[in-house]
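Participant: Spelled out, the chains give:
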Amino acid sequence: MHRVYEDGGREIVLTIFRHNPNDEDSIPHFQDYPIIERPGMTLYIALTQIYTSMDHDVSFDFVCRAGICGSCAMVVNGKPRLACRTLTSEFSEGKITLLPLPTFQHIKDLSVDTGTFMNAMTKRVEGWIVNNSPQDISTIEKPIDPELSDEIFELDRCIECGICLASCATKVMRPNFVGAVGLNRVARFSLDPHDSRSDEEFYELIGDDEGIFGCMSFMGCQDHCPKHLPLQKQIAYMRNKMVKVC
Amino acid sequence: MKIIYSDALIVGGGLAGLRSAIATKEKGLDTIVISMVPVKRSHSVAAQGGMQAALANSVMGEGDNEDVHFADTVKGSDWGCDQEVARMFVATAPKAIRELANWGVPWSRISAGERTVIMNGQKEIIQESQDAHGLINARDFGGTKKWRTCYTSDATGHTMLYAVANEALRRNVIIHDRKEAISIIHDEKKAIGVIARDLVNGELIAYVAKGTMIATGGYGRIYKQSTNAIICKGIGTAIALETGIATLGNMEAVQFHPTPIVPSAILLTEGCRGDGGVLRDKDGYRFMPDYEPEKKELASRDVVSRRMIQHIRAGKGVPSPYGEHLWLDISILGRKHIEKNLRDVQDIAKTFNGIDPADEGSKGWMPVLPMQHYSMGGVRTKPTGESTTLDGLFAAGEAACWDLHGFNRLGGNSVSEAVVSGMIVGEHFATYCKERNLNANTSVISKFMQKQSDYLNEILAYNGKENIFDIKDEMRSIMQEEVGIFRNEEGLQRAVKRLEELLIMTKQINVKSKIRGNNPELNEAYRVPKMLKIALCVAKGALERRESRGAHYREDYIKRDDLNWLKRTITRWEAPEATTPTISYEELDIAKMELPPAFRGYGRKDSIIEHPQSMERTQEIEAFKATHPDMDRFELQEQLMPFELPLDYKKKNQRIGAEYA
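Sequence order for the protein chains is A and B. Using the working numbering, the first residue of the first sequence is number 144, and each one after it goes up by one. Using the working numbering, the first residue of the second sequence is number 307, and each one after it goes up by one.
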């Protein structure tokens, strides 16, 4: 049972996974941190308070603290989420268990390495504009249909937080699966009139079991995506396109 | 000793750093970018509202060109900027935005025909031309004569950073993330790389290169309340200062944004007001037109922020458990507009405050208060981006003071500067690296490596009673209270004195975990002294500058004093054991200005101590124009204040209707 204090703050307990894989003496374990909840408290505020006033050794990753940069994905009571956008008040029992995001290289405690995977994924799917015609940037830009530009923007909103991969069954079986993040990226460039690649060329990039044919449609990615991207629709759209090519 | 060699080393993986890396790769140079975080997490990603570039596609941008953007930027800077740099910037910005379009930034595009917009609280209908259909759109922003801020909803920094980062990956820029530069390797004349700490395992690495660039962003986190990401601690700026040779410029020029949300200090874009949102007080009254009848909510940020605090001081603030605040009302824009063009704002307000800003009436009003937002100061460089005093050290973006923004940056000019400086400074940096051989003495490298290793051991051996977290908190509170929006002699003296004491106290701490590896408290223990040095540069610069200019406002010297203070503050840290910076000044030469000092068009009209030369130069320019009626605007400009740009960046920009005129 949690106590309720006079100023209205209740006591909540954060149970944090602790381990430093680079330290031979470190043994993986959980550690409890009881704190007083404040109005509007997010996991960013709670973890920062624990770090500055209770345990100066606990590691986690926050950068923008506003749900924009994608740094702070972790597993919160069994679900992958952005910690900065998670309010402690959502958990009526006042017990919050935090684990590092699975499928990424563990760094320490709640910190994982997403950069290595995301950069490799970008190279793997060639997640950039391909266009070899010469461009003169002092001339008026190529006109783009306004609605199409908005549609591309919609898919460009992915923040590479890694939550889609942490929610993905295929990723567990196929470590090199590019995931919804990679497939959405390809869908985004296939829409872009600046990009000259044909469907055949995209097929070369993702037409295998580590690409578009790896997805088993469990939809964990879409369920947990913090940007609410239409991932399942994009994967279906790309699969449909790729099947026509092969 | 681990040494990694490259041709070009860039510290910082935001827009400026990555765009510079593309410039060095373009010249075939081996390029390494080191970054504290995966590069796509850099603070550039958080820019919301947009990027200024004079494209003049929209009917509301008609007549816009480099000249208008230039004048807006100079006025915004309160005549503190380097006008030559401002000219370089405005000529390149349209090219930057078009290059980004080619790299995939899905800029919001214009639909031909009628469109309803909100201006001055009223619905207006504007008509976009058929020629403009599908071209890049722009919204209104503060301190600008035209609608010039191009955008992708309110996630502009995100789409820009992803496009540039993807392009950098395509060109095989080598990215080493979770590496923090903690010292610049240099001899008496020249920088040859950095000592970096691997934030995963604590290992020290010497990155050695022909040229080194600092592109680490701003130093907002020295303030208690800041919209900046928590990585914006100014460490890159601090290591430049710690060379004792490189200098910093205008560090007291710190911008406070009018509308971060209370209490989380997350930014709500200027696009809210640009698109027609208004500020209200505790009575629901729209107060800005009373203070600024012409520009209202869209005066420059320094002016709006001061007016807001002035209004709160007049008893019109809204009381809350987090102190007084004001309201930002965008509900008048309508749900459809908000859910398309201000969706991150809506998401932030819903998530962190439980407010849906699209709800009509007072229900949708968001609590806002001015807070630290941008650092105009930074590593002092020439217009090429190279340090004025240390060869081989370059700086670009918010980390630099080349000096585009003077004492106040216009909204929409930050990401624009980041990319444009990546193009211009990146090109000069690439040329520098290309033309030189690597001349690195290993004994110099090992000396710097040993020094940092010894320093970290020294920190772990401290056996005092102080706590680094308390020291940091106190620094941030001092900056907030004494070196904030309103400043005065007494408060600034108190601040400088206490910051000095705190700097000394950083050696009287006791770090609990004694490991050199992954040790978050050790990170704080070496970062906080660096942050304190930056804070001291800001506070001492503010104390010595006895006038008000742009964002630097002295209650005891309320006038902009062109007679005595038309100069740039230069700070240097002369010896490692010093506890305050040394200050000197660089004069700004009115005789060379294309736009001599005058009234900005907003703010207080009666508060300028004029320099007699301003009038002389104005008359000189008018006379020149009158005697050369045949010169077009480009020729005139060239005569008044010549400037240079690398590559084709000086080429005229094409616009619909105007073509190359």
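Calculated from the structure, these hints are not laboratory results. If you're wondering where the values come from, they're calculated on a predicted model, not measured in any experiment. Glycine residues also receive a C-beta, built at the ideal position from the N, C-alpha and C atoms. Careful: at least some of the hints might be erroneous.
[To be verified] Here are the in silico distance ranges between beta carbons for each label pair: (1) Lys495/B / Gln192/A: 46 to 56 Å; (2) Tyr311/B / Asp166/A: 43 to 53 Å; (3) Gln248/A / Ile821/B: 50 to 60 Å; (4) Ser626/B / Thr191/A: 16 to 26 Å; (5) Pro595/B / Glu294/A: 32 to 42 Å; (6) Val388/A / Gly907/B: 54 to 64 Å.
[As the list claims (entries may be wrong)] Simulated pairs of lysine-lysine, BS3-like, Cα-Cα distance not exceeding 25 Å: (7) Lys957/B / Lys285/A; (8) Lys656/B / Lys370/A; (9) Lys669/B / Lys376/A; (10) Lys688/B / Lys803/B; (11) Lys266/A / Lys384/A; (12) Lys530/B / Lys956/B; (13) Lys370/A / Lys757/B; (14) Lys285/A / Lys646/B; (15) Lys622/B / Lys530/B; (16) Lys688/B / Lys495/B; (17) Lys376/A / Lys818/B; (18) Lys285/A / Lys622/B; (19) Lys820/B / Lys753/B; (20) Lys238/A / Lys384/A; (21) Lys818/B / Lys803/B; (22) Lys865/B / Lys238/A; (23) Lys333/B / Lys588/B; (24) Lys771/B / Lys429/B; (25) Lys496/B / Lys813/B; (26) Lys813/B / Lys757/B; (27) Lys803/B / Lys757/B; (28) Lys753/B / Lys803/B; (29) Lys873/B / Lys530/B; (30) Lys669/B / Lys688/B; (31) Lys911/B / Lys308/B; (32) Lys266/A / Lys333/B; (33) Lys642/B / Lys669/B; (34) Lys688/B / Lys911/B; (35) Lys285/A / Lys771/B; (36) Lys308/B / Lys429/B; (37) Lys757/B / Lys495/B; (38) Lys370/A / Lys622/B; (39) Lys222/A / Lys656/B; (40) Lys496/B / Lys753/B.
Participant: If a hint holds in the structure, say so; if it does not, say that too.
Facilitator: Hints versus structure:
1. In this structure the hint that lysine 495/B and glutamine 192/A lie 46 to 56 Å apart at CB holds, the actual value being about 47 Å.
2. For tyrosine 311/B and aspartate 166/A, the hinted distance range of 43 to 53 Å is not satisfied, since their beta carbons lie about 30 Å from each other.
3. The hinted range of 50 to 60 Å is not satisfied by glutamine 248/A and isoleucine 821/B, whose Cβ atoms lie roughly 20 Å apart.
4. Between serine 626/B and threonine 191/A the beta carbons are some 21 Å apart, a value that agrees with the proposed interval 16 to 26 Å.
5. At roughly 39 Å, the beta carbons of proline 595/B and glutamate 294/A sit within the given window of 32 to 42 Å.
6. The hinted range of 54 to 64 Å is satisfied by valine 388/A and glycine 907/B, whose Cβ atoms lie roughly 59 Å apart.
7. With a C-alpha separation of about 18 Å, the suggested pair lysine 957/B and lysine 285/A falls inside the 25 Å cut-off, and the hint holds.
8. Between lysine 656/B and lysine 370/A the alpha-carbon distance is near 14 Å, which keeps this suggested pair within the 25 Å criterion.
9. Among the hinted pairs, lysine 669/B with lysine 376/A is inconsistent with the structure: their alpha-carbon atoms are about 35 Å apart, more than 25 Å.
10. For the hint linking lysine 688/B to lysine 803/B, the alpha-carbon distance of about 32 Å lies beyond 25 Å, and the restraint is violated.
11. Of the pairs offered as hints, the one joining lysine 266/A and lysine 384/A holds, with about 21 Å between alpha carbons and a cut-off of 25 Å not exceeded.
12. Under the criterion of a C-alpha separation no larger than 25 Å, the hint pairing lysine 530/B with lysine 956/B is inconsistent with the structure, at around 42 Å.
13. Under the criterion of a C-alpha separation no larger than 25 Å, the hint pairing lysine 370/A with lysine 757/B is inconsistent with the structure, at around 45 Å.
14. Between lysine 285/A and lysine 646/B the alpha-carbon distance is near 23 Å, which keeps this suggested pair within the 25 Å criterion.
15. About 24 Å separates the Cα atoms of lysine 622/B and lysine 530/B, which keeps this hinted pair within 25 Å; it holds.
16. Only pairs whose Cα atoms come within 25 Å are accepted, and lysine 688/B paired with lysine 495/B is accepted, the gap being roughly 16 Å.
17. Under the criterion of a C-alpha separation no larger than 25 Å, the hint pairing lysine 376/A with lysine 818/B is inconsistent with the structure, at around 51 Å.
18. A distance of roughly 49 Å separates the Cα atoms of lysine 285/A and lysine 622/B; the hinted pair therefore is violated under the 25 Å criterion.
19. Restraint check for lysine 820/B and lysine 753/B: the C-alpha separation of about 24 Å stays at or below 25 Å, so the hint holds.
20. Between the alpha carbons of lysine 238/A and lysine 384/A the distance comes to roughly 46 Å, so the proposed pair goes past 25 Å and is violated.
21. A hinted pair counts as satisfied when its Cα atoms are at most 25 Å apart, and lysine 818/B with lysine 803/B does not qualify at roughly 28 Å.
22. For the hint pairing lysine 865/B with lysine 238/A, the CA-to-CA distance comes to about 56 Å; that exceeds 25 Å, so the pair is violated.
23. For the proposed pair lysine 333/B and lysine 588/B, the alpha carbon gap of about 58 Å is over 25 Å, so the pair is violated.
24. Proposed proximity of lysine 771/B and lysine 429/B is contradicted: the alpha carbons are some 62 Å apart, above 25 Å.
25. A threshold of 25 Å between alpha carbons decides the hint, and for lysine 496/B with lysine 813/B the separation of about 30 Å lies outside it, so the pair is violated.
26. Between lysine 813/B and lysine 757/B the CA atoms are separated by roughly 16 Å; this keeps the pair inside 25 Å, and the hint holds.
27. A hinted pair counts as satisfied when its Cα atoms are at most 25 Å apart, and lysine 803/B with lysine 757/B does not qualify at roughly 28 Å.
28. Between lysine 753/B and lysine 803/B the alpha-carbon distance is near 33 Å, which puts this suggested pair outside the 25 Å criterion.
29. With a CA separation close to 29 Å, the supplied pair lysine 873/B and lysine 530/B exceeds the 25 Å bound.
30. Of the pairs offered as hints, the one joining lysine 669/B and lysine 688/B is violated, with about 50 Å between alpha carbons and a cut-off of 25 Å exceeded.
31. In summary, the hint linking lysine 911/B to lysine 308/B is not supported, as the alpha carbons are separated by about 59 Å, beyond the 25 Å threshold.
32. A hinted pair counts as satisfied when its Cα atoms are at most 25 Å apart, and lysine 266/A with lysine 333/B qualifies at roughly 21 Å.
33. This hinted pair checks out: lysine 642/B and lysine 669/B have alpha carbons roughly 17 Å apart, not beyond 25 Å.
34. Taken as a hint, the lysine 688/B and lysine 911/B pair is broken in the structure, with Cα atoms around 32 Å apart against an allowance of 25 Å.
35. With a C-alpha separation of about 64 Å, the suggested pairing of lysine 285/A with lysine 771/B is violated against the 25 Å cut-off.
36. Under the criterion of a C-alpha separation no larger than 25 Å, the hint pairing lysine 308/B with lysine 429/B is inconsistent with the structure, at around 63 Å.
37. For the given pair, lysine 757/B sits about 19 Å from lysine 495/B by alpha-carbon distance, which is consistent with the 25 Å threshold.
38. With a C-alpha separation of about 37 Å, the suggested pair lysine 370/A and lysine 622/B falls outside the 25 Å cut-off, and the hint is violated.
39. For the proposed pair lysine 222/A and lysine 656/B, the alpha carbon gap of about 21 Å is at most 25 Å, so the pair holds.
40. For a cut-off of 25 Å, the pair hint linking lysine 496/B to lysine 753/B stands: about 15 Å separates their Cα positions.
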